[in-house]
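**Q** Okay, here's what each chain looks like letter by letter:
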Amino acid sequence: MLSLLPYVVGLPLGGFIVLLFFGRRLGRPGAGVIGSLTVGAAFVLSVFVYIGLLSRPSGTRVYVDRLYTWFAAGSLHVNVSLYLDPLSMTMVLFVTGVAFLIHVYSIGYMSHDDRFHQFFVYLNLFVFSMLVLVVGGSIPLTFLGWEGVGTCSYFLIAFWFERPSAASAGKKAFIINRIGDAGFLLGAFMVYKYFGSLSYSHILSHTAGTSHEVATWISLLFFVAAVGKSAQIPLFVWLVDAMEGPTPVSALIHAATMVTAGVFLMARLNPFLALSKTTSMIVAVVGVATALLGATAATSQSDIKKVLAYSTVSQLGFMFLGIGTGAYVAAIFLMVTHAFYKALLFLGAGSVIHGMHDEQDLKKMGALRRFMPVTSVTFVVGWLSIAGVPPFSGFWSKGDVLDAAYVKSPFLWVVAIVAALLTAYYMGRETYLTFYGPSRWSTDEREEHKPHESPKVMTIPLVVLAALAVLGGALNLPFGVKLEFLSKWLAPVFAVSPPPPHVSTSLELILGAVDTLVALGGVGLATSLWRSRWVQPSLEPRVLQKAYYIDSIYDKAFAVSGTKLALETNDVVDRKVIDGAVRAVTAIVAGVGVYARKLQSGYVRSYALAVSLGVVVLLGYMLTRASG
Amino acid sequence: MNLVATVLSGAPIQFPSISYSSILPEVVFVGAAVLSMLLVAVLGQRDQTYGYTGLGVAAALFGGIWSYHLSQNVNARGAYAVVGGSLAVDGFSTFFMILTSVGVLITLLLAEAYLYKVSHRGPEFVALTLLSATGAMLMESAYDLLVLFIGLEILSISLYVMVSYTTSRRVSKESAFKYFILGGFASALFLYGLALVYGSTGSTNLGNIAAFLSKNTLTSNGVLLAGMVLILGGLGFKVAVVPFQFWTPDVYQGAPTSVTGFMSGVVKAAGFAALLRVFYFAFNTLRADWQPVLEIVAILTLLVGAVLAVVQSDAKRTLAYSSINHAGFILLGLYVASAASIGDSLYYLFAYTVMSSGTFGAISMIAHLEGRTEGTLSLADLRGIGRKYPKIALTLAILLLAQAGAPFTIGFLAKFSVLSSVVEAHHYVIAVIAMVSVVIAAVLYLRVTLSMYTPLTKDAEIDRVSTDPEISLGAVAVRVDEDTDLKVDAKVPVAAGLAMGLSVAMTVGFGLYASPLVQFASKAFLLR
Chain U
295 MLSLLPYVVG LPLGGFIVLL FFGRRLGRPG AGVIGSLTVG AAFVLSVFVY
345 IGLLSRPSGT RVYVDRLYTW FAAGSLHVNV SLYLDPLSMT MVLFVTGVAF
395 LIHVYSIGYM SHDDRFHQFF VYLNLFVFSM LVLVVGGSIP LTFLGWEGVG
445 TCSYFLIAFW FERPSAASAG KKAFIINRIG DAGFLLGAFM VYKYFGSLSY
495 SHILSHTAGT SHEVATWISL LFFVAAVGKS AQIPLFVWLV DAMEGPTPVS
545 ALIHAATMVT AGVFLMARLN PFLALSKTTS MIVAVVGVAT ALLGATAATS
595 QSDIKKVLAY STVSQLGFMF LGIGTGAYVA AIFLMVTHAF YKALLFLGAG
645 SVIHGMHDEQ DLKKMGALRR FMPVTSVTFV VGWLSIAGVP PFSGFWSKGD
695 VLDAAYVKSP FLWVVAIVAA LLTAYYMGRE TYLTFYGPSR WSTDEREEHK
745 PHESPKVMTI PLVVLAALAV LGGALNLPFG VKLEFLSKWL APVFAVSPPP
795 PHVSTSLELI LGAVDTLVAL GGVGLATSLW RSRWVQPSLE PRVLQKAYYI
845 DSIYDKAFAV SGTKLALETN DVVDRKVIDG AVRAVTAIVA GVGVYARKLQ
895 SGYVRSYALA VSLGVVVLLG YMLTRASG
Chain D
448 MNLVATVLSG APIQFPSISY SSILPEVVFV GAAVLSMLLV AVLGQRDQTY
498 GYTGLGVAAA LFGGIWSYHL SQNVNARGAY AVVGGSLAVD GFSTFFMILT
548 SVGVLITLLL AEAYLYKVSH RGPEFVALTL LSATGAMLME SAYDLLVLFI
598 GLEILSISLY VMVSYTTSRR VSKESAFKYF ILGGFASALF LYGLALVYGS
648 TGSTNLGNIA AFLSKNTLTS NGVLLAGMVL ILGGLGFKVA VVPFQFWTPD
698 VYQGAPTSVT GFMSGVVKAA GFAALLRVFY FAFNTLRADW QPVLEIVAIL
748 TLLVGAVLAV VQSDAKRTLA YSSINHAGFI LLGLYVASAA SIGDSLYYLF
798 AYTVMSSGTF GAISMIAHLE GRTEGTLSLA DLRGIGRKYP KIALTLAILL
848 LAQAGAPFTI GFLAKFSVLS SVVEAHHYVI AVIAMVSVVI AAVLYLRVTL
898 SMYTPLTKDA EIDRVSTDPE ISLGAVAVRV DEDTDLKVDA KVPVAAGLAM
948 GLSVAMTVGF GLYASPLVQF ASKAFLLR
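These protein sequences, in sequence, are chains U and D. Under our numbering, the first residue of the first sequence is numbered 295, with each subsequent residue one higher. Under our numbering, the first residue of the second sequence is numbered 448, with each subsequent residue one higher.
Hints are computed from structural coordinates only; laboratory data are not their basis. Treat the hints with care, since some could be wrong.
Said to hold, decoys possible - Derived DEER-like restraints, expressed as beta-carbon distance ranges:
(1) U:500 <-> D:940: 51 to 61 angstroms
(2) U:495 <-> D:893: 35 to 45 angstroms
(3) D:658 <-> U:906: 31 to 41 angstroms
As the list claims (entries may be wrong) - In silico lysine-lysine, DSSO-like type, Cα no more than 30 angstroms apart, as pairs:
(4) U:487 <-> D:838
(5) U:465 <-> D:838
(6) U:657 <-> U:600
(7) U:840 <-> U:850
(8) U:600 <-> U:465
Every residue, glycine too, gets a C-beta built ideally from N, C-alpha and C.
Extracted from the complex, chain D is given alone in its bound form (with noise of 0.2 angstroms):
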């Protein structure tokens, strides 16, 4: 139908109707961010940045909340599609929305606490934030291929601008740019994809595609599966899995550091969120095509992302392939793609979330502290902030425990329940290489962690006195209150606080008390 020809004949336009409740928390972050840029043209407040950051973080709260009660909705009364059947709200989006609530929340309180320091200061680092996690909230329930990608690009437009946010420096720039340039390729592939599957099924339609794959068999299904190795694509550069994954160490290190918890949280869990979908929803039927793959690019996800993150020498590099190798166990939930799998995945990826964000606010204070800018922090500038920093490093260090899968964390069951899934579909060669993955990649934790509570010599602490007037002071703080008691670091900002606190609270409590989590991510099902 011409839209325009329709639009000239009068005739009144049908539109869909839409169940706003449904989708309050796309609209609130939407409204948030356009709030907080239209306060700042009335007021010109650039510099009490507390206000906006409080907006930005009660639309969060608002989102999570909202999305829960959605949840609640739907196991009352199943799950429905809204908007014209475009989008889904089923148990799976909304703990995705949930998910991306709480990747926000942590984001805006460590970008309050120390980003407007290395960059300018006022509502638009807030207002991206919020317009990105809407893309990653519409790609998280798209039921349409279309508003997928829509939701791929509102969320990567966004994250282009945020990965160059401290314009002065060239290393974030460069980031931004190469982040930019390879987006946009894949977003081609994604493109592409997606026009080869409308030509092959006759739909974007999620729905309608699963449905029309179930009924019929294509005599010629070549576009088809080369269609949806282009989305594999598209979606596998976001997630970054091997082969897509070149960019990551770059842009990881390049961009600042809340923006790197951001996208190794919610952009992971959006475009996870919408393979998951894709493919085990639209594509179920083409199993036996994509499971091969899958396998490789899973098996060579976790080898390459632990056995690089050893060798690196940069934080935030490291972090980076450790992330790729997180994100391969993720892969695996999709690979086995059992009901109970698909609940492991996205039970990693909430735990991957939390400690992520966690870890990397924790290094980008320790940076802060350190007087260290973007990028430069080495694992060897760790060594000793044990005791100079001990609540920052308690907290990295119960994350990075974690992250290797520490007992009585987050971390430990997700990669367990993962593994028992791998174990229960009898592909045992793939656990052991995941058993292996998991070993090579906690001697980095492991070295991280003790190199922390690693003395310095003395000699080494007065070189560094000497050098740089900004670290005596911190030193000369050491040596006051030289013991082994925790103490409140005065100098930790309240926001980096509660966003470290709640990072570790998470870890630690669904740790200990893992069931209710474990139930919501295993309650969370898809839309059929």
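So that you can see chain U by itself, here it is in the shape it has in the complex (with noise of 0.2 angstroms):
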């Protein structure tokens, strides 16, 4: 069954090449159905890939799928190769699942749109890219994906390119990634220079004995790439500009899984951070951060989907949190849960904004429980998941960081623990601006622009999101080995690396109840100042609203002195330099031009003349080696 893996992959690009050329003709939903089916087969087919990984004895789940030689030159072999362990294929199951739901609910979302079809084109070589990133073989192949996913989320970021604010997000997010993406390539050259191979089978069981230097460079480096991809600390700036795309690009793209590749890179390269005590120190402290500001930020945004998108900036910065103190499985656990519940709370902010007809501002909501029940209820399955408030998925996977933080450094946990009191609270001012209090909405509007429930296709995914949300923490519940089966599965992955802290249960029933107090006074602090008011300054500073300006700096400092320096690039270097070289270069084919034109005259007899000539030399040049 494992030999079905190429056709996972195969499958949405499958979609994206029948889409590209026959999307038009399909129409809506034609388009939209083809898409959802072909990465709802993916996912089908991913779930018998995983029945026939597990049913190898742990320890040699990995399966290689040399696809084929693309080419070989002397001794140079460039393969196009799958890897698939327990990591890659726990992010072939979510990445599918979480992205056919998507799909689906971007039919209702977009059915409105005039280039519904091409939205769907995206949307499906995203999904390749994405697998593409997850199962590729080797360094370059996950590159690939890299890219694809980062050229997919811009032209998916600037969907609707008529605004000019998401054209210009759109490049954003474009250049940002650039200066990730150097990282990447530069991690990857280290790679090849110390190890002799791009193959993660080759590289992944040779890293023993790699000093302490050359592991911490090259796991640097390859942070470098995933904090542009992952929207860390100092480059988080474009996620939060990434929220002018469509909403269902926003869950999938910008919460669930592309900003995770970072983390993915991190946990696929961990015997490299195993090695290096710095960098790991330095993911976890840029980590925790992320988290903090991200939290912070979240608390004073007025548009539903900039407090998402700052709460997703935090929540990774918590699954850094987790891969720098060693608890990678946790990270990861982190990863699937979040992407269930963050999905949910975007595309359920998607449902608010497709009811309120491109409403996106918080103070101008309230009181939609009751026209928008399905919505209203799933989002709070989801405001709890986040906020960590045990039995929700939230509460395990959160926890499970938490722990791991203290274990390494009470002073980490104490920063992740305000950040987690922080995000119960934002999520559940957000929660309480947008269903609850008195309605802000101009209510002597005609009967059809009240706000309405979004179609069955829309709320359905939201209901089995929701479902997830909630009993995602059964993957990994802490009571005993049994039923921590993310570990077990994951545990080959790790093996290099060290174990993960080790926490004792009475520390963890502690840690545990700390947790539930902070979660629900979390939740109790957002009921009392946000359920029925809706303006209050003080909580909404300034300096948080603009997330401490950082962003603003950065368009002083480089947006700003960039374009003035490529202004005068242009000046000096184009229109001097090159403009100059181009013009010498010119002048000199010109000038030999016009004795290359007495010599293309057009006439035959020049020609014959040319080709005798040329004979001739040859000849002459032939009986001085002549002998005898």
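Two chains, two frames, a set of hints: combine them into the complex.
**A** Have a look at this one:
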């Protein structure tokens, strides 16, 4: 059944090709149905692949499918291969699963858009690229996927390119990610230099004996890539702007899948991290700082999607905290459950925006629970999950990360717990502003302009995701080895790394209780502050609304001066140097051309003369070599 | 032996036994050509060109498949010579015969799509193409210089007519006449060289020449070397390397575009096949003498092709110079003269044939849709094509980028493998020169690609609409579906779509999945 793996990757590609050529003819909802079906089928097949991988004994669960040799020239063999281990299997399952639900949802959400089919073209291409990223058997293939998802993200953020803000947000995402890509490429070069190969099956089995210095450099360079893709300090600014894209895009790409690619990359290269305490510490500190920054900024946003954007930044920070403290399984666990509840929250927000006719301002909502029952109930589920209220999934996954942080360093833990408190609070604020309190939208409008619940094609994915958000914790319950399914499953992947920080049962209970209190505290705080009020300037300071002005500073420091630099470069380098060079070349060529044109006269006799002269010159040369 | 005396004496003439299955592609090509002429004589149907094209396409398909079958035979049982040792059946010849069949296929489809709209209809073009290709196949498998010469003439004489096929046009006739005179000149050079080589080695059979040269050292080899240079001149004319390239831009520009594609693919391949076999096999022991010559010729060819391509303004002239640049690369494989580098040349030839026939096909479709006559499509006319004919523009863009050597296309590996062979042989300076020529040529490919996707200014568009009634129809169509989306261009004939699709599919397909073709080319050994 493992041999089905190429088809899992191939199906979204097939969907992409079909939609590219026949999308327009398929129309709506045809194009969306085809897009959803291919991704859904990929999910079903990946379940079979999973069963195949599971049936192997633990420790031998690595499947390398060498699809073909791209080319072999001398000693250089460039293969296209897939590398499947429990880590990439986990990614494949949740990527295809969540992507399927979001595809279905998009059929409803995008139903009024003029370029309905094109949306699914990009979406399918995105899923294909993401799958290449996670199951690619070598670093170049991962990079191909890495760039592929980046490109799709760019296209989809700027999907409504008629809006200048969308177009510029797309550009911003693209440019900032280039910084990360530089890290990726440098890291790949270093790996090739020290290992002579770029395939994971070779690298991951030869890390033993790598010097601390090399491991630090390699892991740091790849961490730079991860910081860009996963929106960590200092490169997080693009993710907030990325909210200009259609909401399903935010849910799929900028919450559930693509932005977690950095976490995946770190987990994939965990042997290097294990060898480098320096990088691990840097990762943990950056992670926890981002978690706090994101959480504080999220408390003061008034755009329904921007709250979620900062929340995603913050949650990704938690994941990197897990990676940095050696709790890889916890990080992956959080990644999966986060995909469930954050996709749910985004899709819920999308449902609200859809029902409110493109209103995104929290201050102009309120009391929507009466009009949108399914959306509001599922949204509350998402809130409680992300807040970490037991027994929702967020409690278990975030709890694991917090436990590891506590063991590693109480300082990290304190910062993280504050961020966790704020998480419960800002999501509560958003929930209350949206669904509770008095309605702040004008009621005197006509009937069809009233908020309305979204169609079934949108609410059913919400319900499924809500169920997953509630039950997702069952993947890894900390009650004995038997129930720690994810830990057991992923153990071979992290076998080289030291075991995650050990937490005694009693400590675990205490920490769990603290987590619960913090989560409930945040929920309570939000309830008391935002249950029936919606304007509290003291709680929404401008500095937080602007996320500490970091984006503005970048704008001033880099964008403005960068534009200026570009203009000046254009003036000096382009006009004088490059144009000058081009003109010089043209002048030379034109000079040569005068003579060349004399030769290229168009007269047969001069051509024949040229041929004769050529032969005579060659004959003359040969006579100098002739013997006797 | 005097043949007349033999016949008169009544003694039985000894004919060599002929293994017809080994020369079946040639036989089928000639048969199909004759059959198409007979059919038109009997049926008198000139207008239904589909049938003749179908016949030719079937012959090409058969030729390709049968050649593949022969190559499998050769792999299993080894190479052999047939028809009294005058034709070789080896991995090399079968590789080229497949290549020729592919070239013929694309040429015929493109001719069906548009040539008959500007020229008279009927089976003649199909017959000429098949006959010319038969000559090409003879050159590719010739194991005797005389047979090689016969192949060269069969190829050339049909080609002279093909170049002048749009008889109503002066430029076509002019370029055909030029090609004819200079081609005759080149044939004479070849024949003279052949005579000198025969005089100094005592044989025209390549195997015998090679054996003679390896066993004997000539005390006076001036005649032999002179013969070798003249043969290089004769074949160098056909493949258009410096200094025998002057005819190329004029003829490429003036010939009907599907014929230009045929010349840049099939004819060039045949010429190179002969060059490779004669120099790498028969004159192998003289390597020290011809390598320096080829070095200079290759460098000049690379640079002249690249530099002059950039400064042209006509689309077909530009591509003519770019084909000269490509010829330089192919010549590098022969210059290095290792088993691997010969395989690289073969791969490059295949890649170039596929890319260039598609490129010329796309150019001819654009010229046709824009209502331009042969040789008057300038690069400036390509501006804004991306919006007008998105499918054709995409095809052209892919093929041009492939010619520039973009990764994941057939063109990348072609350049990469030739260069790696050059580097492996420690000819670093030449590798650098070749890279520089790639960069120069890339300017051209990228410029054309970019200009296709640069929108026309509204004024310019309206100008065109008002001046040309035929184009205004096209412009209206553009207004209706002003969309970035891909769509079927209803105006592209099926045959042209097939030809361009085939070309793009092979360009991208063998770029993504390169091993089979690389293996095939590297195993195309010469009969020794």
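**Q** Please list, smallest to largest, the hint numbers that this structure does not respect.
**A** 4
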